[in-house]
Each structure stands twice: as C-alpha cells, then as structure tokens.
Amino acid sequence: MKIKSFFTLSALTMSAATYAQETTSSTPLQISGAADVYYKYDFSGKPNIGTSFANDQNSVSIGMIDLALKKTTGKASFVGELSFGPRGQSGSLPTGEALNGDNSFHIQNLYMSYAFTGKLSVTAGYMSTFIGYEVIVPTGNFNYSTSYLFTNGPFQNAGIRANYVFSPKIALMVGLFNDWNVYKDVNGVTHFGAQLTLVPVDGWTAYLNVLSGRAAGAVGTGSIYDLTTFYQLSNKIKIGLNAADYTVANHGGGHSGAALYLQNSFTPNFALGLRGEYFKIKDVPDLKGSSVTSVTLSGNLKAGGLTFIPEVRFDNGSTARFVDHNLDPTKNASQFSLAAVYAF
Amino acid sequence: MLFKWSIILTIHRFRWAGVLLVLLITSFKLKSQSLKTEQGLQKDEQGKYIHYEVVENRAPGDSLMNRAVTFFSLKKLDVKQSVDGLLKGTGKLIISKTAFVLTHPSGEIRYNWLFETKKGKYRFWLTDFLFIPYQRDRYGNFVPSTTRGIALETNPGKLNSGEWSSCVNETGRQSAALAAEFKEYLSASQKAKPFHEPDRPVSTRSW
Numbered sequence: 001m002k003i004k005s006f007f008t009l010s011a012l013t014m015s016a017a018t019y020a021q022e023t024t025s026s027t028p029l030q031i032s033g034a035a036d037v038y039y040k041y042d043f044s045g046k047p048n049i050g051t052s053f054a055n056d057q058n059s060v061s062i063g064m065i066d067l068a069l070k071k072t073t074g075k076a077s078f079v080g081e082l083s084f085g086p087r088g089q090s091g092s093l094p095t096g097e098a099l100n101g102d103n104s105f106h107i108q109n110l111y112m113s114y115a116f117t118g119k120l121s122v123t124a125g126y127m128s129t130f131i132g133y134e135v136i137v138p139t140g141n142f143n144y145s146t147s148y149l150f151t152n153g154p155f156q157n158a159g160i161r162a163n164y165v166f167s168p169k170i171a172l173m174v175g176l177f178n179d180w181n182v183y184k185d186v187n188g189v190t191h192f193g194a195q196l197t198l199v200p201v202d203g204w205t206a207y208l209n210v211l212s213g214r215a216a217g218a219v220g221t222g223s224i225y226d227l228t229t230f231y232q233l234s235n236k237i238k239i240g241l242n243a244a245d246y247t248v249a250n251h252g253g254g255h256s257g258a259a260l261y262l263q264n265s266f267t268p269n270f271a272l273g274l275r276g277e278y279f280k281i282k283d284v285p286d287l288k289g290s291s292v293t294s295v296t297l298s299g300n301l302k303a304g305g306l307t308f309i310p311e312v313r314f315d316n317g318s319t320a321r322f323v324d325h326n327l328d329p330t331k332n333a334s335q336f337s338l339a340a341v342y343a344f
Numbered sequence: 345m346l347f348k349w350s351i352i353l354t355i356h357r358f359r360w361a362g363v364l365l366v367l368l369i370t371s372f373k374l375k376s377q378s379l380k381t382e383q384g385l386q387k388d389e390q391g392k393y394i395h396y397e398v399v400e401n402r403a404p405g406d407s408l409m410n411r412a413v414t415f416f417s418l419k420k421l422d423v424k425q426s427v428d429g430l431l432k433g434t435g436k437l438i439i440s441k442t443a444f445v446l447t448h449p450s451g452e453i454r455y456n457w458l459f460e461t462k463k464g465k466y467r468f469w470l471t472d473f474l475f476i477p478y479q480r481d482r483y484g485n486f487v488p489s490t491t492r493g494i495a496l497e498t499n500p501g502k503l504n505s506g507e508w509s510s511c512v513n514e515t516g517r518q519s520a521a522l523a524a525e526f527k528e529y530l531s532a533s534q535k536a537k538p539f540h541e542p543d544r545p546v547s548t549r550s551w
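Sequence order for the protein chains is H and S. In terms of my numbering, the first sequence opens at residue 1 and continues consecutively. In terms of my numbering, the second sequence opens at residue 345 and continues consecutively.
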C-alpha cells in the first residue's frame, strides 16, 4: 500500500513538474523533506522520559521520512506534507477512518491558500499548529527530544484562517478550527484561534497565541494562551522563550509552563544549545497536579544537509514519576541520545 | 566460437562507447570550468566578493542616473541616493537547491548595489553579499532561519565547502545576469517601451 502511495506520489510529481514547465505564471513545484534516525539510552536502563518521539530505549530507531510539496500558481498555493514512520504517524498523527482504527493518512499538512492582496491571505485545510516553539519535523528543532509543553500542546489544527499583514512589524491571524489533532470534527467547528505577530526590533519576533473551544467529550471549554518568542542577538547567539497556560473549565485540569532556549554557534558547523523547562500539570478533583523541571544540552554538528545531534537530558519531578534500574519510583531521570537528521 | 566472437564484438563496441563517454565528460568538465571562470565573483582590495564593471556610455549623467533608479525600482531594490551622486540599492537573490525533480529555495543573498556616473562612462558594483539560510517552517514554507546574514567570504569549513562554493557560484551567476540586464537597460540603443501595450483585437474584416 505504501509502495503504491510512493508510485502515485512520483507520478503526481512528474506530471506536476511537466505542467510547471508549460505554465509561465506559476512557480516550479517545490519538493523538500527530511529524515531522521536516533539512538537513546536512559541511564536507569528503563524508558523513562515520556515526551514525544525519541522513546525507544537502547535501540537504533527510526523517526520518520517527511516529504513536502508546494505549488504556487498566481495567487493560489497548496502545501501537501506526508510523513512515514513512528514520529510522523503514531507519534504525531491521528488515525484514519478504517474500522480497526490503526491506519494513518500520513498527512502533516494539507491546505490551500489564496492571497487576495499582498497583505491579506486566507488558508483552509489541515495545518501544523500555530501554538508553541517546537515542531514535529526534526529539522525545525534544535534539540532532538521535545519539551513537555510541545508534547502536551496541540500538534495540528484543521480549520480556516485569515492572515493580515499590517506592516513588516505587525501581523494578525484569526481563524475557526476543529478540535486539536483531528482530520474531521464530530462536534462542529468549535474552536477560535488567533495569533498576533510582532517584530519589535530587527531579529526579535514574538507570537502571542490563543486557541479556545470545547472539544468533543470535554467537561468544559479549553483555552490555551501561548507566548513564543526568539531573539537573534548576534550571528552566533539566539535566545528563545515559550510560555503557555492551558485550562479546561469546570475543573477539567490543564497545564502551564515555560521553556527557555539558549543557543550559540561556535563555528558555521557546530552549535550548542541549552533548554531549561518548568512544566506543571494542574490539579483536578481528587488528583493533585505535579511538576517537572528539565534541562537538555544538545549539540548540532552540520555537514551539508546532515545534522548530528548528541544530547544529554536531566529531568527532575516534584513527585516520583520516573523509575530507577530496579523499577522503584524516583524523582529523577537522565538520558543520552544521538540523532542524525537529514534535510533535503 | 560464435558466442566468443560476439563477446569480442560487444567489447569492441563498448570500448568505443567508453571513449565517447570520456570525451563527453571531459568536454562537459571543460565547459563547466570555463563557465565558472566567466561567471565567478572577483575580490576587491578588502578581500570582499564584488561584481564590478565600468561601462563607456555617452548619455548624459542625469539620464543614466534616472534610468538606474527606475531599474532598481523595477527590481524591487531599496533605493538610497546620496548627495555626491552615488546611488545605492539593497536587494536579494534567491538561491535554490535543485537536483533531478527536487527543487526548493535554500537561502537568499542580500547585497548592496552601487552606481555612479562620470563624463562618458558609468560604473556599478554589487558587493556586501550576506547569505541567509532558509529553513522549512511548520507549514511547509521556506523562510529565513535567521535575520543575521553570513558574509559570503566566510570560510565554511570542510564539511560545508561543497554547498558553500555552489552558493558563491550561483551568486556570481545571478550577479552577472543582473549586470547584463542592467547594462542593456542603460544602453543608448534601448528603445522606450510603453508600460502597457494596449491589446488590439484581431481584425478579420480587412485582409
């Protein structure tokens, strides 16, 4: 089935490329992608830190292969991004509609966009979320393991949204969305979302995000408020911050937290980055919330399209949420991982 | 015996094919080397990459300056004209990564374009090249990964030298193409073109 999908994709690609040569008002079909593999070892000998993706203990494992297509014709454009592998399927995507419920549509992004003017565009489809600092495709992250804020936030938001660029320093997006991470919504388009983009000075960008709505089966309306910002201090130093608060009304719980990112490029080929995070699960009736603090140190060694990411991570919980080598509960966990990520 | 003879014949044919292939590769290599030399950027006194040209032209200086300002505007450069008659524009070139059917922008080159006139001639130069690498964002679009550019003269190290040299070559090629277009635009032989040529319907009555 997957081979068939690849052949179909190849045929589409070839026909689209041929079409591109014949159409003068369109840009060529853009094809890009990424692939990743990793090895992880938790020092307790047990898989402990449960953030997204890099979870296999003492194993050389695959992440995903990701293929993205983009085509623009006049004012209209489309993006289709497919992913295959644990990171791009069970790790980040909902299942499809088969009766057994374990299939996947492989879709990370599938949307169309129309630019009515140079400032106003409307986009509709299934899109990566606008919330948060980190993303699913590993080429978009400095650290290989992900933050708790990323894992507990939305991954995708299907919907329709309008983007308006007031000036190079201010832009606003507003939209109506499905529930988090679903291809189709069973209780209607119930979520409202907005993103205010600010560029106060050259090199500093801040996104103020909100997403609110009542998901199917939820006890109340869930609202997430998110600040994602980064500042390129110099050619070598970059600082990033992500802070979020998520609350579900009627004592439905939620989470809050903040992550600070510091990165320094020592040479064009080598950079080190430190991520410090505090994350708290909110109380719900009869269950007190807990928190965790995490520090992750990652290197990025680049050779052409290939990036090696050696990484060490230390997590400390307010409660004994991890296990040691005897499977006894403990507050601490630490791991080493080595990932190879290729972008093309 | 017949079988052996056919093998010899086949080897003979392939030998000629091999010779042809070697000739083809050699001529292709020579051609690409000569292209690189023609289109490569030079370095100035400060060791910075530059595309520099002096062109003889008898047109009045103010006319040339006006044409240059129009050309910069058409190419969407940010134009700054200094008091001493030096025109400065800031623009960008898109560098794309292409292999077989794979193509996407890999970065942009920001540059300064300077222009000035003298009696009977003008000169212009493209310099201060800064590379801004692109990164695919969460929506599948290629966007600048940083706001601070890397000078094109920077030593990329052994690991990235291949990609870097192709980026320098592409900058040279695009600079040369822009320069040729610019000289054509400023040349005295250029005919004035209307901005919008009216569409005339085909007449089928008189023939």
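Keep in mind that the hints were calculated from the coordinates and are not lab data. From a predicted model like this one, the values you see are computed outputs, not experimental measurements. The reader is advised that the hints may include incorrect statements.
Said to hold, decoys possible - Below, a list of computed lysine-lysine pairs in the DSS-like style, where the Cα atoms sit at most 27 Å apart:
1. H:K169 / S:K424
2. S:K432 / H:K169
3. S:K392 / H:K236
Cross-check of the supplied hints:
1. About 22 Å separates the Cα atoms of K169 (chain H) and K424 (chain S), which keeps this hinted pair within 27 Å; it holds.
2. For the hint pairing K432 (chain S) with K169 (chain H), the CA-to-CA distance comes to about 24 Å; that is within 27 Å, so the pair holds.
3. For the hint linking K392 (chain S) to K236 (chain H), the alpha-carbon distance of about 21 Å falls within 27 Å, and the restraint holds.
The structure is consistent with each of the numbered hints, conforming to all of them.
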